[in-house]
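Visitor: Sequence:
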Amino acid sequence: MAQDQSVILWFRRDLRTSDNLALLEASKYHKVLPIYIYNPKDFFGGASKWWLHKSLESLDRTLQGKLNVYVGDEETIIEDLIKKLKCSKIFWNKVYEPNEEIKDQSLLSLAQKRSVECKSFNSSLLWNIEDLNKSDGGYYKVYTAFWNFLRSKIGEPRIDLDAPKHVNYIKDSAVAIKDLKLLSINKWYLKFEKIWTPGEMAANQMLKKFLASRLNGYDEKRNYPDLDSTSKLSSYLHFGEISVNKIWHVVNESNAPKKDKETFLKELVWREFSYYLLKHFPNLSSNNYQSKFDKFSWKNNDVLLKFWQKGITGYPIIDAGMRELWQTGVMHNRIRMIVASFLVKNLLIDWRLGAQWFLDCLVDADLASNSNNWQWVAGSGVDHAPYFRIFNPVLQGQKFDSEGKYIKKFVPELKRLPTKYLFAPWLAPEAELFKAGVVLGDTYPKPIVDFLITRNLALQGYKKIS
DNA sequence: TGAAATGTTGGGGCG
DNA sequence: ACGCCCCAACATTTC
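Residue 244 in my numbering is what sits at position 244 of the first sequence, and the numbering runs on without skipping anything.
Derived from the structure by calculation, the hints contain no laboratory data. Treat each hint with caution, since some may be false.
As a list, the in silico EDC-like pairs of lysine to aspartate or glutamate whose alpha-carbon atoms are at most 20 Å apart [as the list claims (entries may be wrong)]:
no., residue 1, residue 2
1, Lys279, Glu101
2, Lys191, Asp228
3, Lys141, Glu130
4, Lys141, Asp383
5, Lys221, Asp260
6, Lys232, Asp219
7, Lys415, Glu430
8, Lys28, Asp160
Label pairs and their in silico Cβ distance ranges [what the hints assert, rightly or not]:
no., residue 1, residue 2, range
9, Asn255, Gln205, 18 to 24 Å
10, Gly65, Arg114, 24 to 30 Å
11, Glu262, Asp179, 41 to 47 Å
12, Thr144, Glu403, 31 to 37 Å
13, Leu190, Glu432, 33 to 39 Å
14, Lys420, Asp294, 41 to 47 Å
15, Lys171, Asn39, 18 to 24 Å
16, Arg114, Glu193, 38 to 44 Å
17, Pro418, Gln327, 21 to 27 Å
18, Asp162, Arg389, 43 to 49 Å
From the three backbone atoms N, C-alpha and C, an ideal C-beta is built for every residue, glycine too.
Please work from the sequences and hints to get the whole structure.
Guide: Below, the structure written as structure tokens:
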């Protein structure tokens with residue numbers, strides 16, 4: 001059974017031991033060299049780097065300190081390892097992103113040159129997205145059709161597997177995790193440490209908590225940002241600290257109401273759909289899917305962009321969202337839609353600038369989901385929101401944060417303002433503002449743009465390109 | 001996974 | 001009692 005040879009297990013976006021197909025394959029061999037390679041040429045946002053740092057530390061503990069970490073170019077490092085340790089096989093789980101697939105290709109040709117066997121697996125998506133074509137050979141461009149196809153024609157996702165019991169990990173002279181310099185010097189990340197615990201064990205605990213207390217009523221409650229009703233699994237999923245197949249099956253088998261389960265499973269499939277679209281349109285992060293949007297004349301304005309990024313737009317629900325992002329590394333899903341709509345359709349700023357900011361600030365920054373969702377909001381995407389769907393930040397606040405709890409949490413300078421005026425402070429009577437200690441333009445900004453005017457500008461702009 | 005503009009209806013105030 | 005007007009409240013259409 002076990003053969004006396006070293007195999008390389010290349011950890012990538014699969015920082016876990018359970019349901020890790022590459023690890024299961026590697027565990028059939030006598031000596032396993034587990035490696036992680038940090039390539040500074042890859043784009044990583046500041047928040048993601050912090051998460052990755054913590055996640056690698058966690059994985060290293062799980063592997064009893066045997067995780068080998070390197071910095072640099074993957075092909076060079078692996079070639080050196082093959083020579084140095086006489087490895088005969090390399091196993092990894094695929095990362096379904098264009099840049100990462102290029103690495104696979106170069107590794108495959110290196111392996112051929114060196115007569116090393118390579119095996120790669122899918123441990124990050126529910127299905128093999130290569131196989132999900134329409135009967136006419138094309139690919140699905142409408143989410144609902146994709147979902148219906150999966151539910152009617154494709155079976156349940158594969159059952160998740162346990163971690164192998166005994167693996168003989170070996171240690172090479174690699175660098176220390178802190179030498180990857182993933183943590184920013186200004187310690188911006190410190191605030192995350194009180195909120196998040198990256199790693200496989202924490203991921204499983206989060207899933208348990210979600211099942212125990214948040215899945216019930218998920219369908220309705222997930223819309224309200226002050227309710228703590230979302231799964232909070234996105235970062236764990238991004239880094240592969242938990243298996244999406246495992247999440248699927250435990251949710252499916254739980255005794256929560258069917259509606260709640262289905263709504264959540266649909267969210268997992270949105271993630272799947274994003275990867276699927278990225279596969280078919282590798283420029284999803286940089287190019288408009290609808291090329292007519294190439295002609296849209298964005299009014300990219302650095303000052304307005306800064307106000308948006310800092311959460312000082314004068315629209316409380318927007319500012320609360322942007323500050324939540326900065327302080328916690330995540331933003332409630334509904335608020336993401338509202339702030340994105342505002343950037344694109346009221347500030348008339350290119351969605352790519354918003355997407356970039358999100359990638360930098362989100363601990364769950366994910367190229368596929370982020371790009372797909374931004375294009376969805378902008379209207380340039382595949383199964384996109386209609387261009388005329390423009391969120392009114394005042395109405396959205398009243399509807400989904402009716403008591404103003406979310407706004408007051410992240411925009412504390414407004415916390416004494418009566419709820420009635422909280423969503424549009426510029427309409428509050430002077431006396432009320434005074435009582436609440438709010439001085440518009442001083443303690444809290446006046447709106448940086450007029451919603452109705454900019455809404456109409458956006459509509460005109462969209463009309464021009466359609 | 002909107003919102004605003006426009007259209008329609010029906011009850012109540014009022015001459 | 002009747003018609004007229006006003007305007008919520010709701011429905012439809014338009015962006």
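Visitor: A range of 31 to 37 Å was offered for this pair. Does it hold for the Cβ distance of Thr144 and Glu403?
Guide: holds, 33 Å
Visitor: Using the beta carbons of Pro418 and Gln327, state whether their distance is inside 21 to 27 Å or not.
Guide: holds, 25 Å
Visitor: At the C-beta level, are Asp162 and Arg389 separated by a distance inside 43 to 49 Å?
Guide: For Arg389 against Asp162, whose Cβ atoms are near 45 Å apart, the range 43 to 49 Å holds.
Visitor: When you check the alpha-carbon spacing of Lys28 and Asp160, does it fall within 20 Å?
Guide: Roughly 18 Å between the alpha carbons, so the hint for Lys28 and Asp160 holds.
Visitor: When you take the CB atoms of Lys420 and Asp294, is the distance between them in 41 to 47 Å?
Guide: Given about 44 Å between the Cβ atoms, the range holds.
Visitor: Given the hinted pair Lys415 and Glu430, is their Cα-Cα distance within 20 Å?
Guide: Holds, because 16 Å separates the two Cα atoms, which is no more than 20 Å.
Visitor: Hint says 38 to 44 Å; check whether the CB-CB distance for Arg114 and Glu193 agrees.
Guide: holds, 42 Å
Visitor: Going straight from one Cα to the other, do Lys221 and Asp260 come out at no more than 20 Å?
Guide: holds, 10 Å
Visitor: Kindly confirm whether 33 to 39 Å is satisfied by the beta carbon distance between Leu190 and Glu432.
Guide: Hint holds: Cβ distance 37 Å, inside 33 to 39 Å.
Visitor: Starting from the hint 18 to 24 Å, judge whether the C-beta atoms of Asn255 and Gln205 obey it.
Guide: For Gln205 against Asn255, whose Cβ atoms are near 20 Å apart, the range 18 to 24 Å holds.
Visitor: Compare the distance between the alpha carbons of Lys141 and Glu130 with 20 Å, and conclude whether the hinted pair is satisfied.
Guide: holds, 15 Å
Visitor: If you draw a straight line from the CA of Lys232 to the CA of Asp219, is it 20 Å or shorter?
Guide: holds, 15 Å
In this structure, every one of the numbered hints holds.
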